[in-house]
Each structure stands twice: as C-alpha cells, then as structure tokens.
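K.L.:
Chain by chain, the residues run as shown.
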Amino acid sequence: DVKVTQSSRYLVKRTGEKVFLECVQDMDHENMFWYRQDPGLGLRLIYFSYDVKMKEKGDIPEGYSVSREKKERFSLILESASTNQTSMYLCASSPTGGSSYEQYFGPGTRLTVT
Amino acid sequence: AQKVTQAQTEISVVEKEDVTLDCVYETRDTTYYLFWYKQPPSGELVFLIRRNSFDEQNEISGRYSWNFQKSTSSFNFTITASQVVDSAVYFCALSGWSGATNKLIFGTGTLLAVQP
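As you go down the protein sequences, you meet chains R and D in turn. Just so we're aligned, residue 1 is where the first sequence starts under the numbering used here, counting upward by one. Just so we're aligned, residue 1 is where the second sequence starts under the numbering used here, counting upward by one.
Derived by calculation from the structure, the hints in this document are not laboratory data. Hints are not guaranteed to be accurate.
Claimed, not checked - Cut-off 27 Å, straight-line C-alpha distance, at most; resulting in silico cross-link-like pairs (DSSO-like, lysine-lysine): (1) R:K3 with R:K71; (2) D:K3 with R:K57; (3) R:K55 with D:K3.
As the list claims (entries may be wrong) - Not close to chain R: a few residues of chain D, all C-beta gaps over 10 Å, as computed: (4) Q8; (5) E26; (6) E44; (7) E56; (8) N67; (9) S73; (10) V114.
Stated by the list, open to error - Just some of the chain R residues that point at chain D, by a computed CB distance under 10 Å: (11) F33; (12) Y35; (13) Q37; (14) D51; (15) E56; (16) P61; (17) Q103; (18) R110.
None of these values were measured; they are calculated from a predicted model. Every residue gets a Cβ at the ideal spot worked out from N, C-alpha and C, and that includes glycine.
Given these sequences and hints, build the entire structure.
P.N.:
What follows is the structure in structure tokens.
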C-alpha cells in the first residue's frame with residue numbers, strides 16, 4: 001500500500017512564525033503535491049513537484065514556498081505565517097506517466113495561526 | 001479552462017435510502033480522466049474510482065455506481081442503500097496537464113450525512 005505521511009495532524013503557530021510542513025511518501029513516486037482545503041472552496045493546489053529539486057506553482061502559491069531535496073520528501077514552508085493561512089493542508093503523491101494516475105493523500109495537517 | 005462543479009453542498013439522507021452525488025466538468029481536452037474521492041471525518045482522502053474519457057460504460061462496485069455521460073459532461077455517483085459509514089465529504093476531480101506533469105482539478109465537495 002502507498003503510504004503518505006505528514007509530520008503533524010494538528011499545529012498551532014503564531015502570526016509571523018516560519019512554519020514547516022513535512023510530507024513523506026514511500027512508493028518512489030515522482031510527483032508530489034501540496035493542497036489546502038477550506039470549507040466551500042474544496043482542494044486548491046499550492047505547489048507541486050515532478051522531480052527532485054523541481055517545483056511548479058499551483059493555483060494559490062502566494063505566501064508559500066516548497067522544498068524537495070529528496071525524492072520521498074516534500075516540504076511546504078510558510079515564511080511568515082498569517083491568520084488567513086489557517087487551514088487544512090493535504091499532501092499527495094502520484095507516479096508519473098500521464099493523467100491516469102490517481103493521487104494518494106496523507107492524513108492532513110490542520111494548521112491554526114493565531 | 002478546466003473546471004469541476006459539485007452543485008450539492010450538503011445532502012442528508014436516512015439510512016437505506018439511495019443517494020446520487022452530482023458532478024459536472026468542463027474541459028477542452030479530448031483525453032482526460034475523472035475521479036471520485038471520499039474524505040471521511042478522519043481527514044484522509046480515499047480514492048474510489050477513475051474513469052477515462054473513452055469509456056462511457058457505467059461502473060458498479062458493491063453499493064457504489066458511477067454514471068459517466070460525455071454528452072452532458074457529467075460523472076455522477078450513486079450510493080445504494082446508504083449506511084452511516086458512508087457519511088463523508090465526496091470530491092469529484094478532473095485530470096489536467098500542467099506542462100510538466102499531471103494534476104487534478106477538484107470540485108468543492110459534497111458533504112453527505114447519513115442518519116441512522
């Protein structure tokens with residue numbers, strides 16, 4: 001079974017703090033994704049990576065950055081957390097090779113910024 | 001532009017009722033894939049089904065069935081004889097190509113509450 005793990009289920013941070021969300025997958029997938037989920041808005045893509053050190057902006061990259069130094073690990077960074085970044089963050093991975101492959105999701109991190 | 005619309009924000013049914021979750025999509029691609037995911041209260045999205053644009057056959061898996069109609073750009077999901085364990089948020093998604101790799105465009109989700 002594909003396993004995608006996220007470093008924390010719940011996180012509380014203060015405004016202005018630098019926040020790291022970590023995601024690890026164990027299936028040697030090339031692609032990894034970060035989404036945020038908000039009520040009424042569904043899942044919105046923040047950033048994704050299709051290879052080590054390669055990244056692309058998704059639909060809402062502002063205020064975020066990412067890092068992928070190893071194939072299995074994809075980090076989401078909030079350089080200076082703000083209250084409007086309070087949300088559920090979901091990480092996913094998928095193999096490469098066309099659009100048929102479903103994405104496998106981690107359990108999510110619920111981040112609260114106070 | 002690619003888009004997925006799930007017009008039903010919340011649905012509440014009583015156990016054993018049948019329920020259909022609607023999904024309408026927009027894409028200019030001739031080849032694409034459609035997906036359904038389930039998100040139970042635990043939070044993790046669980047993959048349910050994938051359908052490619054060339055296969056319009058309906059699919060049945062136990063109490064779940066999917067109706068794909070290209071003519072109406074719809075990919076609806078029916079749960080027969082619903083159970084309390086079906087309570088979850090259900091997302092419909094459409095495949096897209098970023099130029100570098102495949103990605104998914106999600107609808108806003110439908111919250112299904114099955115009452116005992």
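K.L.:
Hints first: check each against the structure and report whether it holds.
P.N.:
Hints, one by one, checked against the model:
no.: 1; hint: R:K3 with R:K71; result: holds, 14 Å
no.: 2; hint: D:K3 with R:K57; result: holds, 18 Å
no.: 3; hint: R:K55 with D:K3; result: holds, 23 Å
no.: 4; hint: Q8; result: holds, 13 Å
no.: 5; hint: E26; result: holds, 15 Å
no.: 6; hint: E44; result: violated, 5 Å
no.: 7; hint: E56; result: holds, 16 Å
no.: 8; hint: N67; result: holds, 19 Å
no.: 9; hint: S73; result: holds, 17 Å
no.: 10; hint: V114; result: holds, 20 Å
no.: 11; hint: F33; result: holds, 7 Å
no.: 12; hint: Y35; result: holds, 8 Å
no.: 13; hint: Q37; result: holds, 8 Å
no.: 14; hint: D51; result: holds, 9 Å
no.: 15; hint: E56; result: holds, 6 Å
no.: 16; hint: P61; result: violated, 13 Å
no.: 17; hint: Q103; result: holds, 6 Å
no.: 18; hint: R110; result: holds, 8 Å
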